[in-house]
Amino acid sequence: MRVLVTGAAGSIGRVVSLGLADRGHDVVGLDRLPQPSGEDGPWYALDCTDPDAVEAVFAEQSLDAVVHLAGHPGEASLPDSLTSHVVTTGALLDAMVAHDVRRMVYASSNHAVGRTPRRELVGVDTRPRPDTFYGVSKVAAEGLLSLYVDRYGIDAVACRIGSFLPEPETVRNLSTWLSHDDCVRMVHAALTATAPGFAVLYGISANTRAWWDLEPGRALGYEPQDDAEAWADRIQPSPEDDWDAAHVGGPYATTTFERPALDRP
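Mapping the sequence shown onto the UniProt record's numbering, position 200 (from 1) lands on 200, and the numbers just tick up by one.
Calculated from the structure, these hints are not laboratory results.
Take these hints with a grain of salt, some might be off.
To be verified - Across the chosen pairs, the derived CB separations fall in these ranges:
(1) R119 - L33: 38 to 44 Å
(2) E60 - P117: 44 to 50 Å
(3) S146 - P79: 19 to 25 Å
(4) W231 - S62: 39 to 45 Å
(5) A195 - H99: 16 to 22 Å
(6) D40 - A232: 36 to 42 Å
(7) D52 - W231: 42 to 48 Å
(8) H99 - D181: 29 to 35 Å
(9) D80 - G38: 30 to 36 Å
(10) D64 - W231: 34 to 40 Å
(11) G221 - P42: 24 to 30 Å
(12) D181 - T49: 29 to 35 Å
(13) A232 - G74: 25 to 31 Å
(14) G153 - S62: 17 to 23 Å
What you are looking at is a predicted structure, and each value in this text was computed from that prediction instead of being measured.
C-beta atoms are modelled at their ideal positions from N, C-alpha and C, and glycine is treated no differently.
Produce the complete structure using the sequences and hints provided.
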């Protein structure tokens, strides 16, 4: 497949781009940053909030799918979060429809359900409970994907990524870790699954202490191989562990953020 990877210069983007190329996919990179040194292949330095620039990429490249990883990876104001995660997704979806590109794999987040109390395994049918404006924007982007699947018949898989790290660093990570290799396995499975329609999976490794249900991903062919438990004896308990485990979003679930003042008469 010829795959456009947005956010290709980011930490996840570089791992995914190289991993997909190793699996025989032709990767076209897109990021606001220049192409990283030592990497080759087609590259576009632009902002996905510019629909004309996005359209030009699709017009120039014959694409089969989009892996949308671009976006600010942390909390921001509500307008900035919606622009970074929803407006960009809309620009890509419009270009996909115009050029008959039939699949998107989207980097959603566990923070779409981050305010869910940590009591039992969380499935994809759990109602959205975002923990921040970042989480709200991921819920909204998933809704936009669902709309385009229903309206235009494309396929879209939203991957609610946990803690993407080289190795687990905290007790919470023992439940939420997504290894580099499993991340590539996840994206490849989402790209190649047969007719998923609109689907959601949780992007974590096969962690013994997992907080999220991996079965929806397995139904699409995602078979994680790594387990954070292999690092458990290296991780020291912390006073924040109980606080981090109160909600599945961890520290994001109690993040304070400024809301704009309401205009009053």
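Quick rundown of the hints versus the structure:
Separated by about 41 Å at the C-beta atoms, R119 and L33 satisfy the suggested range of 38 to 44 Å. For the pair E60 and P117, the supplied restraint of 44 to 50 Å holds, since their beta-carbon distance comes to about 48 Å. As the Cβ distance of S146 to P79 is approximately 23 Å, the hint placing it in 19 to 25 Å holds. Separation of W231 from S62 is about 42 Å and conforms to the stated range, judged on CB atoms against 39 to 45 Å.
At roughly 20 Å, the beta carbons of A195 and H99 sit within the given window of 16 to 22 Å. Range check, D40 to A232: Cβ separation about 39 Å, and the 36 to 42 Å hint holds. Between D52 and W231, the C-beta spacing of about 46 Å keeps the proposed range 42 to 48 Å intact. Here the CB-CB span from H99 to D181 is close to 32 Å, well matched to the stated 29 to 35 Å.
Between D80 and G38 the C-beta distance comes to about 32 Å, which sits within the given range of 30 to 36 Å. The hinted window of 34 to 40 Å between D64 and W231 holds, with their beta carbons roughly 36 Å apart. For G221 and P42, the hinted distance range of 24 to 30 Å is satisfied, since their beta carbons lie about 27 Å from each other. D181 and T49 have their C-beta atoms about 32 Å apart, which keeps the hinted 29 to 35 Å range intact.
Evaluation of the 25 to 31 Å hint for A232 and G74 yields a pass: the beta carbon distance comes to about 27 Å. Taking 17 to 23 Å as the suggested C-beta distance range, the pair G153 and S62 conforms, at roughly 20 Å.
In summary, this structure violates none of the numbered hints.
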